[in-house]
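Start from the sequences, fold in the hints, and give me the full structure.
Residue numbers (my numbering), protein chains in the order written: chain A, 1 to 113; chain B, 1001 to 1114.
In case anyone wonders, no lab produced these hints; they're calculated from the structure.
The reader is advised that the hints may include incorrect statements.
Stated by the list, open to error - With a Cα cut of at most 27 Å, we get these calculated DSSO-like pairs of lysine-lysine: (1) B:Lys1040 with A:Lys22; (2) B:Lys1040 with B:Lys1019; (3) A:Lys42 with B:Lys1044; (4) A:Lys71 with A:Lys22; (5) A:Lys42 with B:Lys1009.
Unchecked claim - Computed list of chain B residues with no C-beta within reach of chain A, every gap over 12 Å: (6) Asn1017; (7) Ile1045; (8) Phe1064; (9) Asp1070; (10) Asn1079; (11) Ser1080.
As the list claims (entries may be wrong) - What the simulated footprint calls covered on chain B by chain A, stretch by stretch (three residues with Cβ under 8 Å from a Cβ of chain A suffice, anywhere in the stretch; the number is not a length): (12) 1035-1044; (13) 1048-1059; (14) 1092-1103.
All values reported here derive from a predicted model rather than from experimental measurement.
By construction, the Cβ of each residue, glycine as well, lies at the ideal position given by its N, Cα and C atoms.
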Amino acid sequence: GENVEQHPSTLSVQEGDSAVIKCTYSDSASNYFPWYKQELGKGPQLIIDIRSNVGEKKDQRIAVTLNKTAKHFSLHITETQPEDSAVYFCAAPRAGSARQLTFGSGTQLTVLP
Amino acid sequence: DTAVSQTPKYLVTQMGNDKSIKCEQNLGHDTMYWYKQDSKKFLKIMFSYNNKELIINETVPNRFSPKSPDKAHLNLHINSLELGDSAVYFCASSPSLAGKETQYFGPGTRLLVL
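Written out as structure tokens, the structure reads:
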């Protein structure tokens, strides 16, 4: 999206290792940052989100960290499993239009058994 | 029990044809969206509707015309299909237009224009 940059575009890890995906945004007023997971042949599904009043949020093996000063946020997946293989998208409110989300370009995560 | 459903799942058609994609949500949400996902997986919003009213209309060719007969349905009609229209089209819904709520996506419609 025009104000959300996502890296890397592809990521391969061994089963059991950790995976980290990073996104940067441009609008300092943004205050909501969701992450979506898209499995093959399916629509994206929200897995975790964070709001700007916290710096980190965890849900079992998934965590998201937010650095508002640097305007970036990251998805961390620990103890990866083959079923974590999917495309992951970050998103942020579009600059000038808080009603609309702009999605990052996606990261294809492959967990090798 | 499907939350957001789309039909058809696959659509193969010739250039120049007119086609429609239907979307329905049974979540009681007020807001619905159409997204286009290209071959590189880039996900871009096309339209959003809130209670049958058009809210967002990105720079989409006017060959694309959304229609919302009620807040549970948002259909997409495409006239004079072109090769570049080939993509996966996702419908989504959210409780409101707040922008900070979960969006629930349908399974997608894979459109191939020959």
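(request) Tell me, in ascending order, the numbers of any earlier hints that this structure violates. (result) 7
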